[in-house]
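Chemist: All chains should be built: construct the whole structure from the sequences, respecting the hints.
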Amino acid sequence: MKVLVAVKRVVDYNVKVRVKADKTGVELANVKMALNPFCEIAVEEAVRLKEKGVATEIVVVTVGATNAQEQLRTALALGADRAILVEADGAEPLAVAKLLKAIADQEQPGLIIVGKQAIDDDNNQTGQMLAALGGYGQGTFASVVKVEGGKAQVTREVDGGLQTVELALPAVVTTDLRLNEPRYASLPNIMKAKKKPLDIKSPADFGVDVSPRLKTLKVEPPAERKAGIKVKTVEELVEKLKNEAKVI
Amino acid sequence: MTILVIAEHDNASIKGATLNTVTAAQAIGGDIHVLVAGAGAQGAADAAAKIAGVSKVLLADSAAYGHQLAENLGLLIAELGKGYSHVLAPATTNGKNYLPRAAALLDVAQISEISKVVSADTFERPIYAGNAIATVQSSDSIKVITVRPTAFDAAAATGGSAAVEAVGAAHDAGKSSFVGEELAKSDRPELAGAKIVVSGGRGMGNGDNFKILYSLADKLGAAVGASRAAVDAGFVPNDMQVGQTGKVVAPQLYVAVGISGAIQHLAGMKDSKVIVAINKDEEAPIFSVADYGLVGDLFDAVPAIEKLV
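Residue numbers (the working numbering), protein chains in the order written: chain A, 1 to 248; chain B, 1001 to 1309.
Because the hints were derived from the structure by calculation, they are not lab data.
Please read these numbers as outputs of a predicted model, since none were measured by experiment.
Using N, Cα and C, we set each Cβ at its ideal position, and we do this for glycine too.
Be aware that one or more of the hints could be misleading.
Unchecked claim - Below, a sample of chain A positions facing chain B; criterion: calculated Cβ distance under 10 Å:
(1) Ile-119
(2) Gly-139
(3) Ala-171
(4) Lys-218
(5) Ile-229
(6) Lys-240
(7) Glu-244
Said to hold, decoys possible - Here are a few chain B residues that sit away from chain A, every Cβ distance over 12 Å (derived from the structure):
(8) Ala-1049
(9) Thr-1146
(10) Ala-1156
(11) Ser-1161
(12) Ala-1163
(13) Val-1167
(14) Arg-1202
(15) Tyr-1214
Stated by the list, open to error - Capping the alpha-carbon separation at 30 Å, the derived lysine-lysine pairs in BS3-like fashion look like this:
(16) Lys-1270/B - Lys-240/A
(17) Lys-215/A - Lys-1270/B
(18) Lys-246/A - Lys-1195/B
(19) Lys-1273/B - Lys-218/A
(20) Lys-1056/B - Lys-23/A
(21) Lys-1270/B - Lys-20/A
Modeler: Take a look at the structure:
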């Protein structure tokens, strides 16, 4: 079974982002970029399925700017077999889902794994939209994935606890943090990844219109919290909560 | 304009997040219809009809909707959604699961987790783990939106008298089935809606030590949360996690105990009205957002607070 994994290049999660002075967006120049953490988990899960003999080939895809090739190489170093870059910077989840659907139609994967959300836009939409467009079942926020007998059993992290669903294949799984602990790429694998195939495509190759539906009017920093105080004793803390903040 | 709000419910009653979503719908303006899709969900539909400001309740009662499977609900919402200007759902795990599916079927973008309504087509939403607020305008004919419940007040659960209308369409996509669930049992208030939240982090040391937080929480009528470090270490189940990837809370009082205050944790609680931090490391980033900080050993401080309240 072929597994398709979608990944995204985002600002490294440890970076404290700054909003641009002209309010047009977040400062991305000279900021460390990385593979979205949920996408790393998706790649790891695909590699583990291959190691178990469930997956035969892992194709990793990204939709992004030319330099997103770096993140595809990272995924290749982690164990993906080949990569596809669709050059479309800043595409919205619906457009990304349409491109992934077109690629899935060509590649015919048995399973598609994506992260539950990208930590830049925090949308949490692409996997669900792809599943809708392809008519696939979806196992979102997955913490356990078992593939057996032409079906996938997915345990999902839901508000009150865990829920398990069974999906007909092909299906889309979106990864939650607890699905696995991603491995690090070793130096020899990073070297080998440079020789693995990486195809570059454009949205037009798939006949997909990527024009945005949403217009960002402005981006602002959140309201600052007023500076707090340090209290010396528990008595002082409780007194302040009772009489000053009046919250208990 | 007519707005369709998808109810979060357990078939017998309406969950709180639905009430916050109705308030967001009122801010957009227009007639508000509520869809209750479930199995044996008459009780939830009756409760929805009593919400102030709701003019009609649509009840889609079918075994196909019993466990809120996105494959089936997506088809239903996409079919009904064609007749509305806005389709809103709370940004719960259910809402996040089915609504993007319906949006894609309607060929429209989704606007996720709005925190403010600017106008009928313009909304504010947090991005980058809440470190920036984007104002976005939609050009789609149907605005499909998830609503961050903590950003809106709850609509009154009583006072309304909407008619309940059954909708026939039973969609079963046949792609998925429910196998089972394992829900965490708790007598304390629900984390997302609690007025007071007491959270523990790695500094708690082990799961057993959470007892002192439970004990304080029970005295305060509070819910208990946790940081990812505490969940990953196996101290508590993951549905207690507060943060970018867990629950977003905005209580009156948030007490962070033994939590350093990583960006991802702050994303889930920094809209709380009053934040208290108890940490022995006075350099911990949590103190930069705390209204009241106490530098000290949590194992002394937490029982001492409990005695005083």
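Chemist: Could you run down the list of hints and mark each one as holding or not?
Modeler: To see whether the hints hold, each was checked on the structure:
no.: 1; hint: Ile-119; verdict: 6 Å, holds
no.: 2; hint: Gly-139; verdict: 8 Å, holds
no.: 3; hint: Ala-171; verdict: 7 Å, holds
no.: 4; hint: Lys-218; verdict: 5 Å, holds
no.: 5; hint: Ile-229; verdict: 6 Å, holds
no.: 6; hint: Lys-240; verdict: 6 Å, holds
no.: 7; hint: Glu-244; verdict: 9 Å, holds
no.: 8; hint: Ala-1049; verdict: 24 Å, holds
no.: 9; hint: Thr-1146; verdict: 8 Å, violated
no.: 10; hint: Ala-1156; verdict: 23 Å, holds
no.: 11; hint: Ser-1161; verdict: 30 Å, holds
no.: 12; hint: Ala-1163; verdict: 30 Å, holds
no.: 13; hint: Val-1167; verdict: 20 Å, holds
no.: 14; hint: Arg-1202; verdict: 16 Å, holds
no.: 15; hint: Tyr-1214; verdict: 17 Å, holds
no.: 16; hint: Lys-1270/B - Lys-240/A; verdict: 20 Å, holds
no.: 17; hint: Lys-215/A - Lys-1270/B; verdict: 27 Å, holds
no.: 18; hint: Lys-246/A - Lys-1195/B; verdict: 12 Å, holds
no.: 19; hint: Lys-1273/B - Lys-218/A; verdict: 26 Å, holds
no.: 20; hint: Lys-1056/B - Lys-23/A; verdict: 41 Å, violated
no.: 21; hint: Lys-1270/B - Lys-20/A; verdict: 22 Å, holds
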